[in-house]
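S.K.: Listed below are the residues making up each chain.
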Amino acid sequence: DAKTTQPNSMESNEEEPVHLPCNHSTISGTDYIHWYRQLPSQGPEYVIHGLTSNVNNRMASLAIAEDRKSSTLILHRATLRDAAVYYCILRDGSGGSNYKLTFGKGTLLTVNP
Amino acid sequence: KAGVTQTPRYLIKTRGQQVTLSCSPISGHRSVSWYQQTPGQGLQFLFEYFSETQRNKGNFPGRFSGRQFSNSRSEMNVSTLELGDSALYLCASSLQGREPNYGYTFGSGTRLTVV
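Heads up: the protein sequence lines correspond to chains A and B, in order.
Just so we're aligned, residue 1 is where the first sequence starts under my numbering, counting upward by one.
Just so we're aligned, residue 1001 is where the second sequence starts under my numbering, counting upward by one.
To be clear, the hints were calculated from the coordinates, so they are not data collected in a lab.
Hints should not be assumed to be uniformly reliable.
[Stated by the list, open to error] Not the full set, but computed from the structure, chain A residues with beta-carbon under 7 Å of chain B:
id	residue
1	G29
2	Y32
3	Q42
4	P44
5	Y46
6	G50
7	R91
8	Y99
9	F103
None of the values given here were measured: they were computed from a predicted structure.
Glycine included, C-beta positions come from ideal geometry on N, C-alpha and C.
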């Protein structure tokens, strides 16, 4: 599986935007970029995914670099409820090993009131 | 719609015993995956079922097994429990399980403590 690299932790203030980076320099042309987050005492929650173009949904935005070797998850206005571990995951779109999610250590986001 | 339901939420077992955990996926989802989460190893894939068949298995010993029923509900079983099996066990459901442009829905997990 292609590898992703994320900072161990980040801090933000409430109601400010948060940019969570992810590097995936060995990404293949068929890999989709997925983001999940895990709130305390809960299972992971799907946030957003993309292939080449930037994506927006009600939870967040995903900005993908032109060379696709990095991406950024953007929370437009952080709330205390956004405090979680955020995982950046690549999913094989070629039909190979995309039956599972390979989690790294993720980024622990702390949101200060 | 109802989410992924895992039962029980908490479980305490003794070394050497066996345990069965249950997962009810979202209605219409036919793929069910299981993950183990520990502080040391993080989230690791156990196995995945689709239409009552195990399609894929992670790198876990044979003491870990599972099955899926015709209504897509799944159970996982751990026999001869060891202290190291203490973990949060998570179930995830998906329509078909292999769609790269579709997200998984996870349950809240079963917290297993082996004493």
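S.K.: Indicate, hint by hint, whether the structure satisfies it.
M.R.: Comparing the hints with the structure gives:
About 12 Å separates the beta-carbon of G29 (chain A) from the nearest beta-carbon of chain B, more than 7 Å, and the hint is not met. With 7 Å as the threshold, the beta carbon of Y32 (chain A) comes within range of chain B, its nearest partner Cβ sitting at about 4 Å, so the hint holds. Evaluation of the Q42 (chain A) hint against chain B yields a held restraint, the C-beta minimum of about 6 Å falling below 7 Å. For P44 (chain A), the suggested interface contact is upheld, since its CB lies about 5 Å from the closest CB of chain B, less than 7 Å.
Annotation: Y46 (chain A) was flagged as interfacial toward chain B, and the flag holds, the nearest CB pair being 3 Å apart, inside 7 Å. At its closest, the beta carbon of G50 (chain A) sits 9 Å from a beta carbon of chain B; the interface hint therefore is violated under the 7 Å criterion. At its closest, the beta carbon of R91 (chain A) sits 4 Å from a beta carbon of chain B; the interface hint therefore holds under the 7 Å criterion. The restraint placing Y99 (chain A) at the interface with chain B holds, with a minimum CB-CB distance near 5 Å, inside the 7 Å limit.
Against a cut-off of 7 Å between C-beta atoms, the interface hint on F103 (chain A) holds, since the closest Cβ of chain B lies about 4 Å away.
Taken one by one, the earlier hints fail for this structure at numbers 1, 6, listed in ascending order.
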